[in-house]
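Enquirer: If you read the protein sequences in the order shown, they are chains S and B. If you're matching positions, the first sequence starts at 1 in the numbering used here and goes up one per residue. If you're matching positions, the second sequence starts at 1 in the numbering used here and goes up one per residue.
Think of the hints as simulated: they come from the structure by calculation, not from any bench. If you're wondering where the values come from, they're calculated on a predicted model, not measured in any experiment. Be careful, since some hints might not be right.
Chain copies aren't distinguished; within one or between two, either way the pair holds.
To be verified - In the BS3-like style, the derived pairs of lysine-lysine whose C-alpha atoms are separated by at most 25 Å in a straight line are:
#1 Lys187 <-> Lys99
#2 Lys198 <-> Lys76
#3 Lys385 <-> Lys76
#4 Lys183 <-> Lys385
#5 Lys9 <-> Lys385
#6 Lys61 <-> Lys413
#7 Lys422 <-> Lys187
#8 Lys486 <-> Lys422
#9 Lys235 <-> Lys422
#10 Lys183 <-> Lys407
#11 Lys183 <-> Lys422
#12 Lys486 <-> Lys61
#13 Lys293 <-> Lys385
#14 Lys111 <-> Lys355
#15 Lys355 <-> Lys127
These are the residues of each chain, in order.
2 protein chains.
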Amino acid sequence: MSKREESRKYEEIIRLALERGFFMPSSEIYGDAPAGFWDYGPLGVGLKRKFIELWRRELVKRDGMLEIDGAQVLSKKVFQASGHLESFVDPIARCKRCKAIYRLDKLIEEKTGIHVPERMSLEEMRKIVKEHDIRCGRCGGELTEFSHFNMMFRLGIGVIGADAYLRPETCQNIFIDFLRIYKTMRKNLPFAIAQVGKSFRNEISPRQGLLRMREFYQAEIEVFFNPKKANEFPKAEPIMDYELRLQPIGKDEPLEVTCREALNSGLISCKLIAYYLSLIQQFYEKAGIPREKIRLRQLGEDEKAFYAVEAWDLEVETSLGWIELVACNNRGTHDLGGHQKFSGHEMEVLDDGEKVLPHVFELSMGVDRSIYCILENALDLEAGKPVLRLPPHLASIEVAVLPLLSKEPFTSKAREIYESLKLEFDVEYDDSGSIGRRYVRLDEIGVPICITVDHQTLEDNTVTLRFRDSALQLRADLEEIVDILKNHLRYSV
Amino acid sequence: MSKREESRKYEEIIRLALERGFFMPSSEIYGDAPAGFWDYGPLGVGLKRKFIELWRRELVKRDGMLEIDGAQVLSKKVFQASGHLESFVDPIARCKRCKAIYRLDKLIEEKTGIHVPERMSLEEMRKIVKEHDIRCGRCGGELTEFSHFNMMFRLGIGVIGADAYLRPETCQNIFIDFLRIYKTMRKNLPFAIAQVGKSFRNEISPRQGLLRMREFYQAEIEVFFNPKKANEFPKAEPIMDYELRLQPIGKDEPLEVTCREALNSGLISCKLIAYYLSLIQQFYEKAGIPREKIRLRQLGEDEKAFYAVEAWDLEVETSLGWIELVACNNRGTHDLGGHQKFSGHEMEVLDDGEKVLPHVFELSMGVDRSIYCILENALDLEAGKPVLRLPPHLASIEVAVLPLLSKEPFTSKAREIYESLKLEFDVEYDDSGSIGRRYVRLDEIGVPICITVDHQTLEDNTVTLRFRDSALQLRADLEEIVDILKNHLRYSV
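Please construct the entire structure, taking both the sequences and the accompanying hints into account.
Expert: In structure tokens, the structure reads:
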């Protein structure tokens, strides 16, 4: 693909999203609505739902995980224990003259190229600003009021307004519910709890559509394990020859390494982590992202979250560069240890007679970003008109039923077929405009199969099936189409 | 069922929920966590997901609705336009002595039996309090500080903390996105937009588990229509003989009335509303609620929401009395009219050449309450031990695979069957304790089918299938079980 086509892709996705109803800015009829909030339209809802169903099938069900769905509003104590009240902050500064607010770490990186690690103090940042004479980008004013801004949204509960917060990550529910789930679901270590839902971060400058939002979907998996046994993990045996695309610290390109090699060389610390990294890489391959656009990048000390022991980011290459989709972190005992201390409830469990405070390995997925990457990867601009080559099992509309001409008896027959399929498949009926224009629109929104009712249909009950990707046209008897659709559309590996 | 058994049911559901992982209070390890927030555990997540899938199938897909999924945080302007900033309030008062806060309307109703309509002024309530000498229930102190408390949660966006609110109902996204959806999805009136998601209300006294929460799931449907044509509605023809269970204003019992009769007598104003009322009643029948426990109760002037023209509540009878599950409101032009005025965007659309500001008929469903009613209805205490007779298509775990004895080669064979079924069905493997005790637990959590691997299995590859409701035990070849499971578990009407 040419450079020019690559750079067009982000804009094309936004155009497609707005014109065809994949997603749109929330409250857009109110011009001054806050940024960073987006709504999924009908086509986006279907795609997102199928993406989450694939996640549930390929991770939750395949691995036998438990799934929960917890409250988004959590007590202040939860975030004292998790460290978010103190540490979930961005450094900011304000222009003395025009009062514009800047995110300090980003501003320094932009102006000087100096990398600002997560733990750099405000004092150090102030020094860099002074040395490099960094000023307000708008008016050239001096920067002042260096401070930390907590990114959690605060709420007041009840008439008295007791402190609570919207969760900045879904996983806290999993940690605070761990004890009850462990007891009621009669699990032994290692086992995983998963959750999909909204999280909220008061970003200083949300941007780029679904890529940095203030309200967003996460699908998070927390694996609880005994660290002494992380390398005794029978489930890993079948994936030992699977090739991960790992990019170790200090390398510029990913390497194709089998799990076995990665473990033998010490690049990955244990079989349990190798297994879950292989699951998540396979998941994106099943979501239609080509292997060569996926990498698992190892994070260095200055990049890791404050709680991480070992950290890999699953990233996907797009026209905007590599985008982080899943943070894969060994969080150690940070979470259960913190909640144990603050709540006074013992979080240790018995593992073969030994008392263990479980360690946690996390797969924290950004759903909206994943949707963006899947859309961008599917969008084919080569053919002169956009074709959205979504994998059939992710297509929001699976089948379109079209009367060749927009008049009787074609329309009645097409309606009848639509009615017979609508509960079992995601079907659209479309009789507007020429058949050629309808095919163009249906290609653009990624419908894998069209069923056309033509003159011959009225004679012999056969229809034309048109396949988006092959442009193949087949004649099939109406009796056969349910089976053909199932074979073509349903994912089964 | 005896009175005593009825009154046990609420407590039994809570016990079952906590002990088996259907739902639990959020942040429960922190003793002082705010009330009104609940988490779904693994069994609850499955039930809720299947309930929502049934809603999507039986309402959204059957009717050809569009579905969206919008932001939960909305701009202040949205709630100026909707009237919530001004009108979404509860009257409260405070005890002068002990500072306890009371919801005034509920307190008056409790102490005097006087019904307090939604629009009663604070002045009128103050008069009643004085006349009846209503005092603080705890300390007998005088009530003071009569005021209105807005039930929306306020948030501050960005560093400056711009006003925004968590939506108190999901439908506002639908109204503010109406124009874009209408244009991009090329629909004509009448058509419906649906959404399922979280809403938030700062209740003064949340109570009774899933029945009055501060954070809860709604599944809302907004039907946009031309009021002049609400009685020309071809889709209503097939349901004209369907019997609604309507309870008109002034009646104590529901009547069985066909849609035709309800329309002819003027009880229901138009075919469009009769059609959607029949859809929603049928939906609860398909969710396993017996007809005789369902009613559509007509709301009088003093009960209706401030925006409603015609209002019916779908209610289900439980041990706690009749519970409102779906508010069915003709909202008229309240919503689109309000947003048109505040945003300056014209919301009128063309309908056969005529410019129309669409009216809105709403089906606003409480999902969590529905889950409670389904659980209570399914719970059978007659057999001496609890059996949860969930409809198979709503069961969180569809199949359990059990080795007769918890040792080889039974366990390996059972594991193998579990692995072969786990992606296609919701399956649990259980080898703990005696087979009898396992059946008891699996009945309690509502698993419709158990597959037992016994001595004969090892000889001829047949297993015992045990059906929860009939307690029938069948021998079947392993080759046949996928088909048997599909026939028994999958909903298709």
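Enquirer: Would you mind marking each hint as holding or not holding in the structure?
Expert: Outcome of the hint check:
| no. | hint | in the structure |
| --- | --- | --- |
| 1 | Lys187 <-> Lys99 | neither (55 Å within a copy, 46 Å between copies) |
| 2 | Lys198 <-> Lys76 | both (18 Å within a copy, 21 Å between copies) |
| 3 | Lys385 <-> Lys76 | neither (52 Å within a copy, 40 Å between copies) |
| 4 | Lys183 <-> Lys385 | between (56 Å within a copy, 21 Å between copies) |
| 5 | Lys9 <-> Lys385 | within (13 Å within a copy, 61 Å between copies) |
| 6 | Lys61 <-> Lys413 | between (40 Å within a copy, 19 Å between copies) |
| 7 | Lys422 <-> Lys187 | between (40 Å within a copy, 17 Å between copies) |
| 8 | Lys486 <-> Lys422 | both (13 Å within a copy, 20 Å between copies) |
| 9 | Lys235 <-> Lys422 | between (40 Å within a copy, 16 Å between copies) |
| 10 | Lys183 <-> Lys407 | between (63 Å within a copy, 23 Å between copies) |
| 11 | Lys183 <-> Lys422 | between (42 Å within a copy, 23 Å between copies) |
| 12 | Lys486 <-> Lys61 | both (21 Å within a copy, 18 Å between copies) |
| 13 | Lys293 <-> Lys385 | within (24 Å within a copy, 55 Å between copies) |
| 14 | Lys111 <-> Lys355 | neither (51 Å within a copy, 54 Å between copies) |
| 15 | Lys355 <-> Lys127 | neither (48 Å within a copy, 64 Å between copies) |
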